[in-house]
Amino acid sequence: MKKVVVKMMLSLCALLFLLPIMLTVVHSFGVQSVDEGNFRLTSLVPSGFSLVGYYDLLIEHFYVLRNFWNSVFYAGSITCLNIAVSVPAAYAFSQARFKGKELLFFFYIMLMMMPLQVTLLPNYIGLRDMKLLDTPLAIVLPSVFAPFSVFLLTQYMKGLEQSYVEAALLETKSVFRIMLQMIVPQLRTCILAVFVFVFAEYWNMVEQADIYLRRETLKPLSGLLAIGEGLTTSEVLAGSVIFMIPIVILYLYFHDSLEVGLESMKL
Amino acid sequence: MKEKKVTQRKFAVILVLSMVMMLFAGCAGEKKKKEEETLLVPEDTLLGYTYSEVYTPYQLSSCDVKVEIVQPEDSELMVTKLLAGDSDYDFMMLSTDSALAADILRTGAYYSLNDVPEAAGLLDRYHDYIKEAATAENGDIWMIPCGVNVSFVLYREDVCEEYGLDFDGMTYTEFLEQVEALPKNGEHTFFTPYGLMTADITSKFEQVYGYEDMSQQETELLRSYMEKMRAYDVPFNEGKWWLLSSEKRPEHLSDASMKNIAFELERSDNMSLSVSLDYFRIGGFRATKLPDLEEGVVCPSGVRVDFIVINPKSDKLELTLQYVSQLCEKLQKDTTTAIRYMSRGEDFSNNVLREDIYRLISEGEVYSLYPYDVVGAELMAYREGKQEFDVMLEEIQRNIKMFQEE
Amino acid sequence: MKTKRAADFIFAVFFTVMLLLTMFAEDLYRLTLPKVAVEEVTRRAFAAEMTGKDGAVYETWRTVPAIPTEALLGDYGDMVYAVNETENGLILVEYIVSTGEESEGYIEITGGILTGTLAVIGSDREIYPGQQVIITGWDESVALHTARERGEDISGYVQEMRKRLLTDIVCVVGVIPVTVVAVLLCNRFCKGRWRFLKVPALIVWCILVCLFLRATILLPGEWIPEKLIDWEGWKTNRESFQL
Amino acid sequence: MKRYLLKCRLLLIPSLAGLALFYVLPYVRVIYYSLIENQFSRRFVGLQNYVKVFQNEYFRLALKNSLLLIATAVPVLVVTAFLLSLLLLKMKGYWKLLRIAFIFPMLVPTASVVVVWRTLFDGSESVWPVYLLFIYKNIGLLIILLSAAFSTLEGEVYEAARLDGAYGFALHRKITLPLISPTLLFTILIGVVYSFKVFRESYLYFGTSYPPDHSYTLQYYMNNHFFKLNYQNLASAAVMTSLIVAVIVVVGVRLQKKFTV
Chain Y
18 MKKVVVKMML SLCALLFLLP IMLTVVHSFG VQSVDEGNFR LTSLVPSGFS LVGYYDLLIE
78 HFYVLRNFWN SVFYAGSITC LNIAVSVPAA YAFSQARFKG KELLFFFYIM LMMMPLQVTL
138 LPNYIGLRDM KLLDTPLAIV LPSVFAPFSV FLLTQYMKGL EQSYVEAALL ETKSVFRIML
198 QMIVPQLRTC ILAVFVFVFA EYWNMVEQAD IYLRRETLKP LSGLLAIGEG LTTSEVLAGS
258 VIFMIPIVIL YLYFHDSLEV GLESMKL
Chain L
18 MKEKKVTQRK FAVILVLSMV MMLFAGCAGE KKKKEEETLL VPEDTLLGYT YSEVYTPYQL
78 SSCDVKVEIV QPEDSELMVT KLLAGDSDYD FMMLSTDSAL AADILRTGAY YSLNDVPEAA
138 GLLDRYHDYI KEAATAENGD IWMIPCGVNV SFVLYREDVC EEYGLDFDGM TYTEFLEQVE
198 ALPKNGEHTF FTPYGLMTAD ITSKFEQVYG YEDMSQQETE LLRSYMEKMR AYDVPFNEGK
258 WWLLSSEKRP EHLSDASMKN IAFELERSDN MSLSVSLDYF RIGGFRATKL PDLEEGVVCP
318 SGVRVDFIVI NPKSDKLELT LQYVSQLCEK LQKDTTTAIR YMSRGEDFSN NVLREDIYRL
378 ISEGEVYSLY PYDVVGAELM AYREGKQEFD VMLEEIQRNI KMFQEE
Chain C
671 MKTKRAADFI FAVFFTVMLL LTMFAEDLYR LTLPKVAVEE VTRRAFAAEM TGKDGAVYET
731 WRTVPAIPTE ALLGDYGDMV YAVNETENGL ILVEYIVSTG EESEGYIEIT GGILTGTLAV
791 IGSDREIYPG QQVIITGWDE SVALHTARER GEDISGYVQE MRKRLLTDIV CVVGVIPVTV
851 VAVLLCNRFC KGRWRFLKVP ALIVWCILVC LFLRATILLP GEWIPEKLID WEGWKTNRES
911 FQL
Chain X
-6 MKRYLLKCRL LLIPSLAGLA LFYVLPYVRV IYYSLIENQF SRRFVGLQNY VKVFQNEYFR
54 LALKNSLLLI ATAVPVLVVT AFLLSLLLLK MKGYWKLLRI AFIFPMLVPT ASVVVVWRTL
114 FDGSESVWPV YLLFIYKNIG LLIILLSAAF STLEGEVYEA ARLDGAYGFA LHRKITLPLI
174 SPTLLFTILI GVVYSFKVFR ESYLYFGTSY PPDHSYTLQY YMNNHFFKLN YQNLASAAVM
234 TSLIVAVIVV VGVRLQKKFT V
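Residue numbers (this note's numbering), protein chains in the order written: chain Y, 18 to 284; chain L, 18 to 423; chain C, 671 to 913; chain X, -6 to 254.
Since the hints were made in silico from the structure, they are not lab data.
You may find that some hints are simply not true.
What the hints assert, rightly or not - Computed list of lysine to aspartate or glutamate pairs in EDC-like fashion (alpha-carbon distance at most 16 Å, straight line): (1) L:Lys418 - L:Glu135; (2) L:Lys418 - X:Glu50; (3) C:Lys672 - C:Glu709; (4) X:Lys(-5) - Y:Glu183; (5) L:Lys245 - L:Asp217; (6) C:Lys674 - Y:Glu276; (7) X:Lys45 - L:Glu85; (8) L:Lys418 - L:Asp217; (9) X:Lys221 - L:Asp390; (10) C:Lys833 - C:Glu796; (11) X:Lys167 - X:Asp157; (12) L:Lys148 - L:Glu135; (13) X:Lys83 - Y:Glu183; (14) X:Lys89 - Y:Glu276.
Predicted model, so just to flag it, every value in this text is computed and none were measured.
Just chain Y, same shape as in the assembly (with noise of 0.2 Å):
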């Protein structure tokens, strides 16, 4: 009885969860489904079926297409390099042993509390003296060493006993070989679903698009969803369901390992 309560309760909280998101999707078909001024749907039901708000997006501004593609560059290279960096860093600050190392998870923990806002100006600043300004590396790079990833992964790594490492110490020496070999297989869904998180964030980023990149053409599709880029809102509920399903795809692949990774509970 008691099972069927929480179904129950589960699924009505996913309902509720799911509804802005069904309302987005609806209102994207619907005509003159937006109202303009108040940036705000004229009605919960929508009122008929058209493909304006796409048609608009997709072919009468056929130029964003290219800023889709630059979303996906952007969230797919600074995801990759970002696990690529923050792997070996978290692997390190949970088997090294050296003296400043609680000090320098702290100053960690810091760095990531900043808001991006603060930064932005020094960072434009740093960016404008390398000359970074205005290309792609101006958004990857600052994205690629951010300190969260490392965070938590590091937090994940620490429940990981030493008997593994001890074992694996027997064979090889280099220490790449451990880590690839002995550890990471042990975290994949962590790793994963850090690699999920890393990319729904930069792949929905908006103040570092308008600040560093001034070019139309490098500029990500997130960074002309936000308002008052010259995109209807009709539009932008277009573009923003498109915008979804990457992500929806990626969180699928994530779903199966974390499936997997969950087996071995048997609660």
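Assemble the complex: chain Y is given as a structure, and chains L, C and X must be docked to it using the hints.
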């Protein structure tokens, strides 16, 4: 392990694909070659019109230094460039009614032009209130005024006599009574962008009474004007201008339709004063000050001055100063464009309309507006009927307090 | 495992669609723009009399800028549409001209428009100043619309349009059997070790089909009937077909 | 073993180098900017900016609102995320797909969420629409991280507990909580980080840079001063926020040390 390999291969495919797209995007970007002697002027479309519109005539005829318009998109980027102390632009054109101008003066983000003799010489030529606006407290000349803009009521003398309209020294109530007494669709056009008048009324209230300590009596007065304006404030294209005769104001003013305009609240920008305002050509038009709020309360008409401010950190500073001194020399001897309206002792006896406008400007005072979020947005909400009058007033007072004390 | 297969499917479909859109969105957009036929304003010779010293009248010629009379529009007959080259394509502009004498279908222009501007003499739908247009010359949709505009007999054009439409349909319908054959071939060959080739093969095939359709249907050209995809033109021309 | 530990330290180099260039250097610049009088005159003025900012009534209001947001919204967020991910663990077969419903909000771009929020909660005077928006946007992330944390726990521990007859909440309180308390700590820290990032949504939701007093957070204060060209107030406010956050982190780490087994 195999399954992981497939997902990785899939992501490798997208990455390669998008990298190809990126290379295409990267190399498509145009590489601007940096000539030595061009000065770069960032033009912010939000701050009104562009430097090139006002100054191309000067550019061609006299100064040998080339000026190129650089395109930062919005004011956020302009503020970032100012704060970051970018050196890749040389001077900026702003107008005194934008909040950025007041901030630049307060924080000292300008290059003082005291050592440029022509600048001081030019300022002496201007009316004294413009001269004061151009000198900071510590005596630095922080800007070069190069354009002026004033709002006035423009009316055709003969048509108004025919209908017995008298616009000199009137108050808003009188103006509205006269407008209501006009025949609904006579053959003359009485074109009045009430939206503009609402903004003018609120800035006049701010000038005369100030928003904080408005008494109940003044709030009632402001409410009555705003109510009336809202009633008439019908957007252009809906064509429900009961005041207008049958045909709407055509997109571009062909001579035929100009002749039967009775009166119009015109906000003339600097360009129109000197070049394209058709009213001068046709003649028979007069200009007068915008109506006052109340009988005894006379406040001078607000004048918006457009100016150049030099970037202190620009890497081509001597070239900029050389250009500015040449420009000041040119402006001092100028007799064709709007500078004559800003200088003392000019006479426009040949054209009655120019004389009226000159009188308005010489008796005017420089005004500055709050940023849009503070007053403009609430005003717009009220005019579109989305907010009550009292709520709007409270909101405006709260925003102003927050803007000043933040 | 179910979500993995679903994810693979959505992944393949989504990125193929986006890829195809990236290639063809611009053509589709070009297609939906109004089409116009233009003629350059050139100096033409007009007959004129000139009295010589001895009072006799000579036949002479004077060359003045002139445009075809049908280019004059507007209720006072003094408005001309012209095409103006800007960085984001050709924009329609409106000129007020003063006209002089008219002979053999051309009318003299005494002011308002310069020689060398492209005056619009026919379009395939209602056009307004500021719209972006493409110049296609006298293709059938332009001819049809201007003919109907002037109330002439349009049956000839209609026959031609119908013939064109048939070839459109044949092109589209023809593609389906060929695709079925291709899929069967692909299944037979991509077996075992070559299984992963299946998805890329399908994507390549979709691109080929779209290239073919683009050549046959999308691109405005001589025998290519683009009525099928041209929603705007399709709606306005439908009444004349009584389809 | 010794050489192995030494080599591990070298692994940190790339991350540290990048961090220094793109995070430490800007932070030092922000501190420098908060100590000078004005962006252009660069006169060293010491703590005067801090005093001026702290005396400002609106900064204190913004601080109060931000702390209130952290104090109320973050715990609610973490608790719901923990409960939901636990319940979701129990689901079998198709019910597992319910987790996607909770992950979805994280993937939706800001613009469309705000459009929906303005339709659902237009003109409500309370602070809860923004809190709900915060919870809505970040619950997906926390569920992912907590589920990933659960996957690292071995099954045997639970087998043993079940043999002793533990079930339901007692089981979770005794075993799950201590085991994943490091993860719980960093979900709280992530909640705090994301409470700063909610500014973009609330700015779009209110549509003006002068929102009603109850939701005037630190970000608004900083953004308004950015546009008024006095970067000093922004810098000093930022440094003060990071000090407060440091306190939260230290307290969190201490608590976590006390709880873990």
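Structure-based check of all given hints:
| no. | hint | in the structure |
| --- | --- | --- |
| 1 | L:Lys418 - L:Glu135 | violated (41 Å) |
| 2 | L:Lys418 - X:Glu50 | holds (11 Å) |
| 3 | C:Lys672 - C:Glu709 | violated (62 Å) |
| 4 | X:Lys(-5) - Y:Glu183 | holds (12 Å) |
| 5 | L:Lys245 - L:Asp217 | holds (14 Å) |
| 6 | C:Lys674 - Y:Glu276 | holds (11 Å) |
| 7 | X:Lys45 - L:Glu85 | violated (41 Å) |
| 8 | L:Lys418 - L:Asp217 | violated (21 Å) |
| 9 | X:Lys221 - L:Asp390 | holds (13 Å) |
| 10 | C:Lys833 - C:Glu796 | violated (25 Å) |
| 11 | X:Lys167 - X:Asp157 | holds (12 Å) |
| 12 | L:Lys148 - L:Glu135 | holds (14 Å) |
| 13 | X:Lys83 - Y:Glu183 | violated (35 Å) |
| 14 | X:Lys89 - Y:Glu276 | holds (9 Å) |
Violated hints, listed in ascending order, are 1, 3, 7, 8, 10, 13; each of the other numbered hints is respected by the structure.
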